[in-house]
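Novice: Top to bottom, those sequences are chains A and B. Quick note on the numbering used here: the first sequence kicks off at 1 and runs consecutively. Quick note on the numbering used here: the second sequence kicks off at 1 and runs consecutively.
In case anyone wonders, no lab produced these hints; they're calculated from the structure. Among the clues, some could well be false.
[Stated by the list, open to error] Okay, the calculated beta carbon distance ranges per label pair:
no.: 1; chain 1: B; residue 1: Pro336; chain 2: A; residue 2: Ser72; range: 36 to 44 Å
no.: 2; chain 1: A; residue 1: Ser210; chain 2: B; residue 2: Asp46; range: 15 to 23 Å
no.: 3; chain 1: B; residue 1: Asp54; chain 2: A; residue 2: Ser72; range: 18 to 26 Å
no.: 4; chain 1: A; residue 1: Gly144; chain 2: B; residue 2: Ala157; range: 48 to 56 Å
no.: 5; chain 1: B; residue 1: Arg124; chain 2: A; residue 2: His234; range: 58 to 66 Å
no.: 6; chain 1: B; residue 1: Gly134; chain 2: A; residue 2: Ser140; range: 26 to 34 Å
no.: 7; chain 1: A; residue 1: Gly38; chain 2: B; residue 2: Met246; range: 27 to 35 Å
no.: 8; chain 1: A; residue 1: Arg133; chain 2: B; residue 2: Gly116; range: 22 to 30 Å
Every residue, glycine too, gets a C-beta built ideally from N, C-alpha and C.
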Amino acid sequence: MKPVIEVDNLSTRFGEHWVHRDLNLVIEAGKVMALVGGSGSGKTTLLRQMIGLLHPTKGQIRLFGEPLFTGSIVQERNLRRRFGMLFQYGALYSAFNVFQNIAFPLRELGVLDEDLIHDLVMLKLSMVELLPRHAWLMPSELSGGMIKRVALARALSMEPELLLLDEPTAGLDPDRSESFVRLINSLHRQLGLTVVLVTHDLDTLAGMASRVAVLAEQRILALGTIDEITRVDHPFIRNFFCCDRAHRALQERMNG
Amino acid sequence: MSSASIALETDAEGRRWLRLGGEWRLMALASRYEALRTELQARARDADLGWNLDGIESLDSVGAMMLWQAWGHAFPERVQIPPSLEPVFARLYASTKKPETGPEPKGRLEWVVTVGRLSLGLWRHLVDFVALVGQLIIDIGHVLRAPREGPWRETSANLYKSGVRAMPVTALVGFLIGIVLSYLSALQLKNFGADIFIVNILGMGIIRELGPVLVAVLVAGRSGSAMTAQLGVMRVTEEIDALATMGVSRSLRLVFPKVAALALAMPLLVLWTSAIALMGGAVSAQFQLDISYAFFIDTLPKVVPVANLTIAMAKGVTFGILVALVACHFGLRVRPNTESLSSNTTASVVSAITIVILVDAVFAIATRKIGMPL
């Protein structure tokens, strides 16, 4: 299996502060990889670098085996169309309604006819468990959970091979967050996507990730399944995984 | 991976099959979408034809939807779908079963609703504006009774931002307008040999009329839009609600400093801009008509009664208050989306300039007997 994302000796500096130093990471196709780490450890920065929103100070990132920033507009655009991103606050276009938001990337493609786009939007809405009548609402009329679902539908509209999630369950109540995790899991199973997520939430982590990369001390501190990670002896990992809350979340996963 | 292919074949029993193969994914299909769709639709009209999807390497919902649409939203009579592709069609089938409701159709009396909505909107604007002014008056009363609670730091910051920082641009515009006005008048006055009246024209025109209106238009565009955008973004990010929960009055902390700052800064800016514009006029007059600076300065107080300056200051205060009030009014109406922010900022500047010019006309009528030279 070819790796989907390869990060090679990546270093990032903000002003005088080094966020990453010689960081290496390979994400294989079909896996769900979670990036965890303390606040300010550069998880979101790494995620944004993976999709080319930020330039690394040093090092290289390859997506689907191709380097980012080749300089060719067409090549870069085609690369960007192969992944979908779910932003933390949804980032729905507030001037468009739900339908237009999901249809936007499809219309940008410029070849599909409106009939097909309409049916595809309705399909994506049903995939994220929303009703057809929700298509005509404006983003300002949606609840937090619905915004995430619409944003997910938009991220999926280009049939991506790779889905990136930035804090997918932040700001949702436990019940909603659980059903959102279930939704992403079932989509992952159905579509065979590669998923990369950044999260703080242990329930989300335990519910979704098949592999975990721990980001601390400017590099990938540990990489492996949740079981393997919890056995690593390091102050940050102990703190992150070994409090009561973590135990409960992990226990539930083992039992369920 | 091979690209999407369509092939016709006949099996041992003499039945005709359409064999689909290759990659039926959005990114692979996009370049040949039209051709493929036309071919599929043409084939689908042939009811005897069987569909064999065994050769398809990968299928996403775009590819599946293309087939589904060609089939007329139902499975054809003879179709062979490999088990690996079944979930894709199952998803499609599930989504088409839900009843669909479009946006509500427009009725024949839609225009009545539109007119009604517009009038109600205008009425709400009026009510909100009156409420804003009323709240501001209550705030001023409160500040007068308890001066220590006044938002003086914010007022001072606003005074700096919308007053001091506006000085270069108003000076530049004023100077150029002065030169242009003086130059054009000089061309006409020369014809009549009425050269020295240049001082009267510039003095009355700039001090009484042009200075205040010019500054009001500049400040509305510069500070008014900034105030609307600032309040609007604060609404979007819920900062205004955060203030309210801490028991801080938004009108006292956000509206009052802006209104007070512009009420103070505007007359000063008017004075500054008029002075620079007169300088520009004097320079141009010296070049065009050989009128010395000493003569210009000496004549000015004689031909422009001091009452004109008082009127200009009164206009400055009034325009300042109006621009700030209009800016705050529209800023507080911003709803949390980008469209609303841009339309309210535009509305704020346009309304402020219009209102300033309307009020200027009222001033002109009300003060028509004051300050005219004998």
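Novice: Work down the list of hints and note, for each, if the structure agrees.
Specialist: Here is what the structure says about each hint:
1. As the Cβ distance of Pro336/B to Ser72/A is approximately 38 Å, the hint placing it in 36 to 44 Å holds.
2. For the pair Ser210/A and Asp46/B, the beta carbons lie near 46 Å from each other, so the given range of 15 to 23 Å is not met.
3. Restraint check, Asp54/B to Ser72/A: a C-beta distance of roughly 37 Å breaks the suggested window 18 to 26 Å.
4. At roughly 35 Å, the beta carbons of Gly144/A and Ala157/B sit outside the given window of 48 to 56 Å.
5. Between Arg124/B and His234/A the CB atoms are about 60 Å apart, so this pair conforms to the stated range of 58 to 66 Å.
6. Hint check: Gly134/B to Ser140/A, Cβ distance near 29 Å, so the stated range 26 to 34 Å holds.
7. For Gly38/A paired with Met246/B, a C-beta distance near 30 Å keeps the hint of 27 to 35 Å intact.
8. At roughly 26 Å, the beta-carbon separation of Arg133/A and Gly116/B lies within the given 22 to 30 Å, and the hint holds.
When held up to the earlier numbered hints, the structure conflicts with 2, 3 and 4 and fits the remainder.
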